[in-house]
Amino acid sequence: MNLRQKILALSVLPLVLAILAITALVTFQSTQLARASIATFERNLLRAKENELLNLTNMAVSAIADIYQAADADDEAAKAQVQAILSELDYGPDGYFFAYDYDGVNIVHPRQAFRHGQNWINMTDPDGNRVIYNLIERAKEGGGLHQYKWEKPSTGEIADKLSWAVGLDKWRWMLGTGVYLDDVFAQTAAAEDDLRSHINTTFVIVAAITVPIVFAVFLASFLITLHERRLADSKLKELTQRVVDTQEEERARIARELHDGISQTMVGARYMLDLAATKVRSGAADAADVIERGARGLNDAIKEVRRISHDLRPGMLDDLGLTAALEALTGSFAERTGITVELKSVAFKNLILPEARTALYRVAQEALTNIERHANATRVSVIITSAGNGPQMLIEDDGQGFAHLPATRSRSGLGLRNMQERMEHFGGSLEVSTTAKGTVLKAHLPKSTYLTKKSDPVPA
Amino acid sequence: MSAPVSIKVLICDDHPLVLEGIRAVVETFDHIRVVGAVRSAHAALELAARENPDVVLMDINLPEISGLDAIELFRERLPRARLLMLSMHDSREYISTAVLYGAAGYILKDVPPAEIISAIEAVAANGTYFSSGVAEAILEKGQKQSTVVPLTTREQAVLLLLAQGRSNKDVAGELDISVRTVETHRKNIKKKLGISTTAGLTRYVIDHGLMADD
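One line per chain: the protein sequences are A and B, in this order. Residues 1 to 460 in the working numbering are what the first sequence spells out, letter by letter. Residues 1001 to 1214 in the working numbering are what the second sequence spells out, letter by letter.
Rather than coming from a laboratory, the hints here were simulated on the basis of the structure. Where is the CB? At the ideal position from N, CA and C, for every residue including glycine. Accuracy of the hints is not assured; some may be wrong.
If you want the ones that stay clear, here's a sample from chain A, every Cβ over 10 Å from chain B, calculated [unchecked claim]: (1) Leu20; (2) Ile22; (3) Thr23; (4) Leu46; (5) Ser87; (6) Ser154; (7) Leu168; (8) Ile199; (9) Asn200; (10) Leu226; (11) Ser263; (12) Lys437.
Cross-link-like lysine-lysine pairs, in silico, BS3-like; alpha carbons within 30 Å at most [said to hold, decoys possible]: (13) Lys279/A / Lys1109/B; (14) Lys1190/B / Lys344/A; (15) Lys1187/B / Lys344/A; (16) Lys1191/B / Lys344/A; (17) Lys152/A / Lys140/A; (18) Lys1187/B / Lys1169/B; (19) Lys152/A / Lys79/A; (20) Lys447/A / Lys1192/B; (21) Lys1192/B / Lys442/A; (22) Lys149/A / Lys170/A; (23) Lys447/A / Lys1191/B; (24) Lys1109/B / Lys303/A.
With the rest of the complex left out, here is chain A (with noise of 0.2 Å):
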């Protein structure tokens, strides 16, 4: 994973992570809210049939206390009577009255005739309720509600019912009727399946509000890529130009000084020797002073080599380490410009690699290059120093700094730049902090770059 595509997750994963978890938050919330007022609205509904139940039983019983409070304990024609009222009540399909005795056997059913006369105390529904001796137990206590299955009649399927139950204790009677609650289950599931659509309608709104939200992160971070890495195709062109132009300038200048100045003294030198040899031949008594000519011009030519060599390279670098090569440059540099520079730095040579040695060289070069444009000092002092973490060269003058130079900036930026890479090729650093009162530039080499094992670089 580069850079980029952390910087990328690091954006778009919290987003991603606070919208999931603002959704789980708002729809668990939801969730207990809805869950809440269905079960109100269960119990509600409950209680409305409980009600219901209570005034049908009470119809029931009214309409059968005439007879029940003028008869005896055993009145079986009063109980005939009963019987059949209670067997006409109706009130829609599945609205109807039983009757049983404290025993469990069957005295009214007008739904399941063949229930009539049996005993069914030990009766069970599905899930075990002793359904008939349930009823009576309310029964004898007064009236109560008891909740069992029992077949529907307009279906014909087992259905959960809620029934209450009066006592005729004269009689030793249990009456009663119920209400199926399918009805009411159906609609809580109906809520339930609300609850869960709305649910559903939730996530997809989320996810309409996050998949173009991160899709415009992506988008944005990519155009954002897009643009840098055209800003830097583009630097990275303007820098490869320089370079070359660069390159060819060097490459005219020394052309030019090959041509100009060391060819045209050997052709000189050549003049005179093929001079000489005609003045030999003919024995001409001067002869030996135009070969001496000759000689001289050769000399010029082997001079201009040599300052030309030591342009592109300083040889001094290799033989003699850091600090003369350091101290030829400062010298020159004091002679040429006026300015007063002090050389500090260790007493020994050949420390560190002969590459980062040329890195120094030039960073020192640069720099006082930039010196003698810009500065305007009189003094500079170049500290090499070597220390535990590595190598450091300390270069600082008392000029006017650079700040304050905006039309230069984006030149000497470059010479900066090209410093600071020198460095960092290396591990190192360079560092430059710039006032009106001068300038320091500090160029840092890592441990790495000292050579190792130099106790005896002369083999014996």
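Place chain B on chain A using the hints.
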């Protein structure tokens, strides 16, 4: 021009044409005898051990052992031989380094042949010789005060060994030199660095981050 004494000269330069050129120039003088012309410091040391030259004409840029390092090796093994450096470099730093290492003279390769002979004669007579261009280079920039006198290659090697706690004898064995030479190096190092004790030398080496980790 001819002198009664014969000066034995050894020439060392890695460039064959230059080597032959100098040899041809020098051999034209009767009082100078070329005992050898070799192309590396190794060969020069080997030949010098047999021929015992009075003057060694030594190029600075040599493969493997540089001419500068060779000066020290000659000083150690053949202290009688006088080193006359022969170079293309006219920078002050080269010349002062050569002097620091113990060269008796320094001439540029492009001087007239007669000057080479004068230089050989001068150093053979226990004098010093710096060719006209060189003398200028030294005078020109004058007394440039270097804050630290740099150690020579040999001194640096000796210092690093001593800092590891090696004895003089050990160091002598390691570098294949006499114990007395080690003593001399030690004395010079202390003088250059301004340090009087061996512990101080070790401290100096550690402070400069030069102690190898092994």
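Check your understanding: What hints, given by number in increasing order, does this structure fail?
Key -> none
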